[in-house]
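Asks: Produce the complete structure using the sequences and hints provided.
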Amino acid sequence: MSKACPPTIALFGAGKNIGIPIVKAFVDINSPILVIARPTSDLSALPKSNLVTVARVDTTSVSSVAGILRDNRIDVLISGVSYIKGGVDAQVAVARASRNAGVKLFLPSEFGIPTGGGTDPMPKAKSDFAEYLKSIGLPSLRIYCGQFHHSIPWLSAVDETGTFYIVGKGTTPQSYTAVSDVAGYVAHVLTTQTLSNLFDIELRIEGQRATLVELGALYSGTATVEHVQALPRKDMYYSEVREYLQNNGDRGIGSSGWDWASGTDDENRASSGNAFWSGHRWLTAKEVLRL
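Residue 29 in full-length UniProt numbering is what sits at position 29 of the sequence shown, and the numbering runs on without skipping anything.
Since the hints were made in silico from the structure, they are not lab data. Keep in mind it's a predicted model, so treat the numbers as computed, not measured. Cβ atoms here follow ideal geometry from the backbone N, Cα and C, with glycine treated the same way. Check each hint, because a few of them may be wrong.
[Stated by the list, open to error] The calculated lysine to aspartate or glutamate pairs, modelled on DMTMM-like cross-linking and capped at a C-alpha distance of 20 Å, are:
#1 Lys104 x Asp71
#2 Lys286 x Asp200
#3 Lys286 x Asp128
#4 Lys16 x Asp42
#5 Lys48 x Asp75
#6 Lys234 x Asp259
#7 Lys286 x Glu214
#8 Lys134 x Glu226
#9 Lys124 x Asp159
#10 Lys169 x Glu240
#11 Lys124 x Asp259
#12 Lys234 x Glu287
#13 Lys286 x Glu160
#14 Lys169 x Asp89
#15 Lys124 x Glu240
#16 Lys134 x Asp89
#17 Lys234 x Glu160
#18 Lys104 x Glu202
#19 Lys169 x Glu214
#20 Lys169 x Glu243
#21 Lys134 x Asp200
#22 Lys134 x Glu214
#23 Lys104 x Asp200
#24 Lys124 x Asp200
#25 Lys124 x Asp75
#26 Lys48 x Asp28
#27 Lys16 x Asp28
#28 Lys124 x Glu243
[To be verified] Restraint ranges, calculated between C-beta atoms of paired labels, are given here:
#29 Tyr238 x Thr119: 19 to 25 Å
#30 Lys134 x Glu226: 43 to 49 Å
#31 Pro39 x Ser196: 46 to 52 Å
#32 Asn50 x Thr264: 28 to 34 Å
Replies: See the structure below:
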């Protein structure tokens with residue numbers, strides 16, 4: 001009996017945060033990937049490999065994107081767009097094109113805290129988009145990973161100020177995962193699992209479970225730790241967003257095991273998807289941040 005052909009993969013949203021790492025992860029396992037980008041996108045950071053093909057197209061044109069996907073017989077479309085830069089809405093045209101071109105599975109840009117049934121603005125926008133995918137009959141796979149290890153210095157403002165700021169208590173466990181682990185997980189799952197087994201499911205992964213107090217302790221000897229009610233506003237980019245994320249962390253929302261419907265966190269649920277990458281050693285924050 002012949003082995004099934006691996007799925008053909010495309011990525012939309014080749015940004016530095018998660019898109020390019022995902023492309024690199026496919027190259028690392030010798031798997032080809034098509035990158036769909038706007039004509040003006042800077043793709044200089046893409047890996048230089050014959051496994052990477054670039055198609056530049058007006059990504060707001062459903063017919064143009066569908067033509068690219070159809071010509072390349074794409075089975076899976078991965079979105080790496082940024083919520084902050086309006087990427088969630090930009091996914092709509094690409095999703096319609098994917099459905100029209102016969103794409104079998106769509107990975108919306110999640111790669112953060114759980115969003116299913118979310119009521120806060122960002123989770124709700126992502127949850128609404130997942131419902132849109134259902135409404136057009138396009139199966140989706142949503143991957144939650146908590147927060148990226150490399151976001152910890154930004155979240156706490158430690159690199160900018162020399163102080164590791166904790167808004168509130170900072171004693172609630174949250175999920176943190178290395179970008180390279182998230183990207184590698186995406187590539188591994190899509191190339192080892194039967195696609196139909198991934199239709200309309202949520203996979204929750206966690207590289208490390210830790211509190212902000214525990215993470216602050218990693219900076220012992222290099223930075224002070226200070227508990228505050230609010231972050232300093234002067235010259236601090238997105239201070240309100242950081243406060244919001246830290247306050248949510250105190251509620252448990254920073255965990256991959258968070259459930260919006262019940263308002264509860266489940267430690268076992270947070271890492272339940274890790275089983276799809278059996279034997280993998282997940283990086284710690286100390287390793288990623290070189291502390």
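Asks: None of the hints should be skipped; say for each whether it holds.
Replies: Status of the hints after comparison with the structure:
| no. | hint | result |
| --- | --- | --- |
| 1 | Lys104 x Asp71 | holds, 15 Å |
| 2 | Lys286 x Asp200 | violated, 34 Å |
| 3 | Lys286 x Asp128 | violated, 35 Å |
| 4 | Lys16 x Asp42 | holds, 10 Å |
| 5 | Lys48 x Asp75 | violated, 23 Å |
| 6 | Lys234 x Asp259 | violated, 35 Å |
| 7 | Lys286 x Glu214 | holds, 11 Å |
| 8 | Lys134 x Glu226 | violated, 45 Å |
| 9 | Lys124 x Asp159 | violated, 31 Å |
| 10 | Lys169 x Glu240 | holds, 17 Å |
| 11 | Lys124 x Asp259 | holds, 13 Å |
| 12 | Lys234 x Glu287 | violated, 31 Å |
| 13 | Lys286 x Glu160 | holds, 19 Å |
| 14 | Lys169 x Asp89 | violated, 35 Å |
| 15 | Lys124 x Glu240 | holds, 19 Å |
| 16 | Lys134 x Asp89 | holds, 16 Å |
| 17 | Lys234 x Glu160 | holds, 11 Å |
| 18 | Lys104 x Glu202 | holds, 16 Å |
| 19 | Lys169 x Glu214 | holds, 12 Å |
| 20 | Lys169 x Glu243 | holds, 12 Å |
| 21 | Lys134 x Asp200 | holds, 8 Å |
| 22 | Lys134 x Glu214 | violated, 40 Å |
| 23 | Lys104 x Asp200 | holds, 11 Å |
| 24 | Lys124 x Asp200 | holds, 17 Å |
| 25 | Lys124 x Asp75 | violated, 27 Å |
| 26 | Lys48 x Asp28 | holds, 12 Å |
| 27 | Lys16 x Asp28 | holds, 17 Å |
| 28 | Lys124 x Glu243 | holds, 19 Å |
| 29 | Tyr238 x Thr119: 19 to 25 Å | holds, 21 Å |
| 30 | Lys134 x Glu226: 43 to 49 Å | holds, 45 Å |
| 31 | Pro39 x Ser196: 46 to 52 Å | violated, 35 Å |
| 32 | Asn50 x Thr264: 28 to 34 Å | violated, 48 Å |
In this structure, the earlier hints numbered 2, 3, 5, 6, 8, 9, 12, 14, 22, 25, 31 and 32 are contradicted, and the remaining ones agree with it.
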